[in-house]
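Asks: Sequence:
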Amino acid sequence: MGELVPLGYQGSYQRVRASLRRDDLASLHTLAAGIERDRDAVIAGLTLPWSSGVVEGHVNRIKMLKRQMFGRVGFALLRKRVLLAS
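For the sequence shown, the numbering used here gives the first residue as 9, with consecutive numbering after it.
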């Protein structure tokens, strides 16, 4: 896995990981475990020039429409709202 870490980031990554593990807060231990589990994705997200921001914006908009439509007529009306909002 170390091959994805650019030179200079390896030491910082190890220091942050060690610091999170020394802390007494359980939520920081959970964060550290999640970062470790998705290590390659975290490093890629911080170092690569690509972004999924546009897609995330559309997903956020659709989720907002879905929340607004909860308990109403059904999928057909939700579909029309999503298509009209585009």
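What the hints contain is simulated information worked out from the structure, not anything from laboratory work.
Ideal Cβ placement from N, Cα and C applies to all residues, glycine included.
Treat the hints with care, since some could be wrong.
Here are the computed distance ranges between Cβ atoms for each label pair [stated by the list, open to error]:
#, residue 1, residue 2, range
1, TRP58, VAL24, 20 to 26 angstroms
2, LEU33, SER60, 37 to 43 angstroms
3, ARG89, SER60, 21 to 27 angstroms
4, ARG80, ALA52, 20 to 26 angstroms
Asks: Give a verdict on every hint.
Replies: Each hint, compared with the structure:
{"no.": "1", "hint": "TRP58 - VAL24: 20 to 26 angstroms", "verdict": "holds (23 angstroms)"}
{"no.": "2", "hint": "LEU33 - SER60: 37 to 43 angstroms", "verdict": "violated (29 angstroms)"}
{"no.": "3", "hint": "ARG89 - SER60: 21 to 27 angstroms", "verdict": "holds (24 angstroms)"}
{"no.": "4", "hint": "ARG80 - ALA52: 20 to 26 angstroms", "verdict": "violated (40 angstroms)"}
In the structure shown, a violation is registered for the earlier hints numbered 2, 4, in ascending order.
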